[in-house]
Amino acid sequence: MKKTHLGILAAAALATAMPVQADLVFPSLSYRTGPYAAGGIPFADGYADYFTLLNERDGGIGGVPTQVPECETGYNTEKGVECYESTKGSGALVYQPLSTGITYQLIPKTTADGIPMHTMGYGRTSAANGKVFSHTFNYPANYWNGASGVVNHLLDINDGNIKGKKLALVYHNSAYGKEPIRTLEELSKKHGFELMLLPVDHPGQEQKSQWLQIRRERPDYVTMWGWGVMNPTAIQEAANIRYPMENFIGIWWSGSENDVLPVGEAAHGYKAMTFHNVGSDFPVYADLKKYVYDAGKAAGAGDQMGTVLYNRGIYAAMLAAEAARTAQELHDTKQITAAQMRDGMEALEITEERMTELGMPNFGPSFKVSCANHGGPGDAAVQQWDAKAGEWKLISDFKPSDQEVIGALIEEDSNAYAAENNISMGCN
Amino acid sequence: MFYREAGDFKTSYAADQQTFAIKLDRRAYYSLLAVAFLVVPLVINEYWASAVLVPFLIYAIAALGLNILTGYCGQVSLGSGGFMAVGAYSCYKLMTAFPELSIFLCVLISGGITAIVGMLFGLPSLRIKGFYLAVATLAAQFFLVWLFNKVSWFYNYSASGQINAPEREFVGFIVTGPNSSPAAVYLFCLIFVVALAWLARNLTRSATGRNWMAIRDMDIAAEIIGVNPLVAKLTAFSISSFYVGIAGALLFSVYLGAVEVGEAFGIQKSFLILFMIIIGGLGSILGSFLGAAFMVLMPVLLKNVLVGQLGWATDIAAHFEFVIVGGLILFFLIVEPHGLAQLWRTIKEKLRLWPFPH
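So the protein sequences, as listed, match chains F and S.
The letter at position 418 of the first sequence is residue 418 when you use my numbering, and the numbering goes up by one with no holes.
The letter at position 69 of the second sequence is residue 1069 when you use my numbering, and the numbering goes up by one with no holes.
Some clues are possibly wrong.
BS3-like mimics (lysine-lysine), calculated; alpha carbons at most 25 Å apart, straight line [as the list claims (entries may be wrong)]:
# : chain 1 : residue 1 : chain 2 : residue 2
1 : F       : K368      : F       : K131
2 : F       : K208      : S       : K1150
3 : S       : K1023     : F       : K166
Derived from the structure by calculation, the hints contain no laboratory data.
Predicted, not measured: the structure shown is a model, and the values here were computed from it.
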């Protein structure tokens, strides 16, 4: 009796949850709660604010208003599935789950449902091979570009020779953290440095033993694949053992204000990779202020402007909007479908002129997506934290990564996936 | 008036001992089964399957399993998450090593493997009891998760440590992978649930089940009247793990399709299943279902009401979910410390007399 009652209630609740299908729908599988909320909130705010700006300033994309229904995943895969199922019927154009675990789950599902997924700088790296992963995109850069970027930076500061140096990888013990290992192993063979692996278990507040090991073995450099509460903990531990911060380089998910601010002055000099520019010194922020913040339409608490991850949210939204615009032109229709959106993403070209037009000059690399290459150029830069000024600064240009090593690995991993799942190669 | 046994004459022992002694109960049970098997598959859509019914069915199996061990045999276990992982990884290894093996058999064998592992970790229960046993099973939980993270053979040396379920068919219907139809997945789980619940119900009424309950109520007294604690405890551990392993295999293969051990089978899963049986009712088959329904469906329901209907911000709704579910757990446990199943039993007693209580 209780159960049927519950069922009726749930059915009633469900019936009204579907938005009207007339707008361009960009579902946001966000996480504003849990141990990874510090990273999830600014990204989700940036993502939502950019679409609000498009609606308020331009009346949407090509005149069709956009909609960003949010669904809380808590970085949890089971909730992610629930969110995906509950939003996909609403005419969803593209998914950006901001979680490698959820990405792995959604790759086969989105492909079967014909909805594209964009995992910008995360997810399954080998999805860069568009011949195998027809509906998954990870431009402009992926984890292996990031790993190679770290090694390239080490080469730069060591005059091109890191033979015999020791590099420690502190990583989140999950699919996310394990992604770079294979590339780093290959690169260590190529450049002759020694690699030391230190896994940290979810959620990452317990890192004493890892840093004790670093203190004992004294690696020359430490790199980190961390997320959420794991990042500030690691930087604090590094400060505690007086590890030189300039030798500590995080991936782009370990390089936001939330990660360094709790450590204070001691975090000065900490480095991180990035694939887009930092700060709020862009014309688009003037528009955001005029149409979104001052109009009281900012998402969330409205206190994340200009932070690294907020910028990343804006960047993700900009790329999605540009792909939608490309799709509109390509198919000569305003009301695009998910399949047309996929074509738009595959034909996406981001040029410096276009970014300047959008008020985001030099915000990210210019690149072109193709059917075979869903991964973009993979250019990455290094940013460094200035604790006195309280801001991130780019200390290098956007530089290419070691495509020779990465290309072979992508080929190998994606072919293994294709063989496992009986996928025939596309793009012929 | 409507709900009573008066006039319902039993003429054989079998009739007297049946599970649903009252005609109305029996009819309700059969009609529920008929609806579940015949009507639901026709109306089910993907959202209902993958967000509501399939997780409910799978967690019901896990709760049944833990209820056998904790509710019927009195051995507290915090290792359910780890045992689910054993089921999931065995299923993955079987699916990839023997592609021609039926998925049905894969799931069953995974349960069998988990039963053996569970029996191994049940050995300490012969020496230690209560909280100390809980700690020993907690060790199993952490050890198993560590093992599946550390030894790459278990995930076929994939770069990310994720395991992915390849596409498999069961009697001509695809039940795993992205192309499976919601009805097929639902029915596949339902078959397991019905069979396992039927088995559990009959086990607990058999000599085995009575031995378990004797051990639970007082192990020394049980030993004196001739119950072998070794056999009773180890059968409880193995059968319980069999159930939990099947739940883990189904969770991986048909529900999620891709899992990562630390995230999907961590300590929070063990607690979730333990909470299910405490809220549902220890030592009750119905309680396992009610507990699973409460813990799985309540958050989804609240999310849909708070976000979908009331239009709350997602983060506030997510936090309130914790508050409301937590409050409801407290409320139900204060109103009825023996769980939802006992609440249902009380209601039934009242109904029998209604509307003439004297």
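Violated hints, by number in ascending order, as checked against the structure:
3
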